[in-house]
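Going down the list, the sequences are from chains A and B.
According to UniProt numbering, the first sequence holds residues 1 to 306 in order.
According to UniProt numbering, the second sequence holds residues 1 to 279 in order.
Derived by calculation from the structure, the hints in this document are not laboratory data.
All of these numbers come straight from a predicted model, not from anything done at the bench.
All C-beta atoms in this analysis are idealised placements derived from N, C-alpha and C, irrespective of residue type, glycine included.
Where hints are given, some of them may not hold.
[As the list claims (entries may be wrong)] So the derived label-pair ranges between C-beta atoms look like this:
{"no.": "1", "chain 1": "A", "residue 1": "Arg-215", "chain 2": "B", "residue 2": "Ala-181", "range": "56 to 64 Å"}
{"no.": "2", "chain 1": "B", "residue 1": "Pro-229", "chain 2": "A", "residue 2": "Glu-61", "range": "56 to 64 Å"}
{"no.": "3", "chain 1": "A", "residue 1": "Ala-100", "chain 2": "B", "residue 2": "Gly-141", "range": "24 to 32 Å"}
{"no.": "4", "chain 1": "B", "residue 1": "Lys-61", "chain 2": "A", "residue 2": "Arg-215", "range": "54 to 62 Å"}
[As the list claims (entries may be wrong)] Straight-line Cα separation of at most 27 Å, BS3-like style, residue types lysine-lysine; simulated pairs:
{"no.": "5", "chain 1": "A", "residue 1": "Lys-57", "chain 2": "A", "residue 2": "Lys-267"}
{"no.": "6", "chain 1": "B", "residue 1": "Lys-52", "chain 2": "A", "residue 2": "Lys-6"}
{"no.": "7", "chain 1": "B", "residue 1": "Lys-52", "chain 2": "A", "residue 2": "Lys-101"}
{"no.": "8", "chain 1": "B", "residue 1": "Lys-52", "chain 2": "A", "residue 2": "Lys-167"}
{"no.": "9", "chain 1": "A", "residue 1": "Lys-267", "chain 2": "A", "residue 2": "Lys-48"}
{"no.": "10", "chain 1": "B", "residue 1": "Lys-52", "chain 2": "A", "residue 2": "Lys-300"}
{"no.": "11", "chain 1": "A", "residue 1": "Lys-6", "chain 2": "B", "residue 2": "Lys-14"}
So you can see what is in the structure, the chains are spelled out below.
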Amino acid sequence: MESFRKNIRVFFAFFGPTAGWLMLFFFVPLAIIWVYSFGENVSLTEIKTTWTLENYKRLFESEILVLFWRSLLLSVTSTAICLLIGYPLALVIATASRGAKPWLLLIIILPFWTNLLIRTYALLNILGTRGRLNDLLEWFWNLGDGALDLIGLGALNLLGESFVPIKFLGTPLGVVIGLVYVHLPFTVLPIYSALERLDRNYLEASLDLGASQWRTFRSILLPLTMVGVATAAIITFIPMLGSFLTPDMLGRGQVDMIANVISRQFKSANDWPFGAALSLFLLYITFILLALQAIYEMRKGGQRDG
Amino acid sequence: MVKQRRNPFDYAGKPSMRLIFLLGTIFLYAPIIVMIIFSFNNSRRGGNVIWKGFTTKYYEKAFNNDSLVEAFVNSLTIAVVSTVFAVILGAMTAVVLWRFRFPLKPVFSGMVALPIVIPEICMGVSLAVFFSAIGFQMPQGTPYPFNLTNIIIAHITFSFPFAAMVIRTRLSSFNREMEEAAKDLGASEFQVFRDILLPHMRPGLIAGALLAFTLSLDDFVITFFTSGPNTVTFPVKVYSMVRFSVTPEINAASTILILVTLVVTALAMRFQNIGDTEK
């Protein structure tokens, strides 16, 4: 690597355009939002920057606190489910034969390359009260009911009178399914790469010394891949918390998350200053989470080296 | 590792784990496959409730829906134009970070990565506010494709950091002695760049371009905020159609877009493989 002074013209020829672009179309817009978040609506179209803190105070209104709590709960639940599903998936990929590995990875990554809107729309098709998922559940219900009849318990109606379709759309359940569906690849990849780096001799030693499979998993495998799990949790959680499309399409306005309310301030409610304050709040949370993850990784890395 | 011993790490061989993987795969693919199947459903009523026989008429309908086709063409145009710029900016960023030592370098490197990590909604909203604050709006009747400028700017901004990341990875495998040899033999700065560095970067440039292209084609949220009433992309159009009803026509259009994405992805992976073996 050479010092930029040695070749200052070449340096600025490369540095100038990118830094300029980033400044103009990324940081200036964020700065404008930041200024607006201290503004007030004076008329329908005019915003005056009065450096008021009113917009930030409104973040503590009960309605907004409920919104934060709901967003947090949905994201935490979905992240937990992603980890529970994602860990075994990553484990299978990491231990597959050399030939099978790239294909298994591809299976997980491919949906990720498909348009997010289309994936969400595809879920919308399935999750309706008369959608395919309820068809499947009804089929299982009939199967179960038939089985009960067969063993002479049919009269007890253990499964209820008839099949009641589950309402997914417009409920937290539907949104959680959507969030997990969309973000699962984010979870699998970091766990997979942690498993790949793992020294497998530890597992062998543990099993040789008489520990059970479960004990080995709990005391060796999981702790050794914890950094990967933490990374997976963070990079799954962050985009979930800022989700717009999934709660919008599957929640149908009944299960709003932060981004839906932000969007409404700009699209229909026309309260830009409050929308700006909400956006910045979401941005700050993202930064805090990223910083926490960086600190965690540094600490873990330090431990291993020392 | 000794092969004949029972491998303690052989989770992939366990039937229970295989079942979990199979269920995971079904979970990821079933919705998309069902959607594709029902794009051939011969049912006039939307909602895709019952299978009524095979038809391709919804593909015809999608192709004859002018506003849908226009949105599709817009999406492709935006993707192509923004990809060109994203790759140029991404390559420049990668070269700067790879070649030079300069003050506050970690800060710059972090700033370039920022568009990757911040929530899409924040970026969409801030760009929308920015365009309106400076009054940057293409006047009615601007010739195609310049009427799409706002969206294209937005797409370049969020995709070039991804391209920079991919290209930087490729650059890290560059052998600097080649550059020095060329210079010793009298090559100018520009000649070194054109004849030595650029050919080495090529697989990275292609991989970065394909990534930027799919990201642009995929984006909904940021486009949703930066598009005007007359400049609509495919995802935004589908979104507005879904608001009214779920129709086989949207399934058909979505299937076509999935095909396009699959082809681009396959190309991307082919080029990445070539890049790996070239080393």
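Structure-based check of each hint:
The hint said 56 to 64 Å for the Cβ distance between Arg-215 of chain A and Ala-181 of chain B, and at roughly 57 Å that hint holds. In this structure the supplied range 56 to 64 Å is violated for Pro-229 of chain B paired with Glu-61 of chain A, their Cβ-Cβ distance being about 33 Å. Between Ala-100 of chain A and Gly-141 of chain B the beta carbon distance is about 56 Å. The supplied range of 24 to 32 Å is therefore violated. The supplied range of 54 to 62 Å is met by Lys-61 of chain B and Arg-215 of chain A, whose beta-carbon atoms lie about 60 Å from each other.
About 22 Å separates the Cα atoms of Lys-57 of chain A and Lys-267 of chain A, which keeps this hinted pair within 27 Å; it holds. Pair hint Lys-52 of chain B plus Lys-6 of chain A does not hold up; C-alpha atoms about 72 Å apart against a cutoff of 27 Å. Proposed proximity of Lys-52 of chain B and Lys-101 of chain A is contradicted: the alpha carbons are some 40 Å apart, above 27 Å. In summary, the hint linking Lys-52 of chain B to Lys-167 of chain A is supported, as the alpha carbons are separated by about 25 Å, within the 27 Å threshold.
At roughly 19 Å between alpha-carbon atoms, Lys-267 of chain A and Lys-48 of chain A fall within 27 Å of each other, so this suggested pair holds. The hinted pair formed by Lys-52 of chain B and Lys-300 of chain A fails the criterion: a straight-line CA distance of about 58 Å is larger than 27 Å. Between Lys-6 of chain A and Lys-14 of chain B the CA atoms are separated by roughly 59 Å; this puts the pair beyond 27 Å, and the hint is violated.
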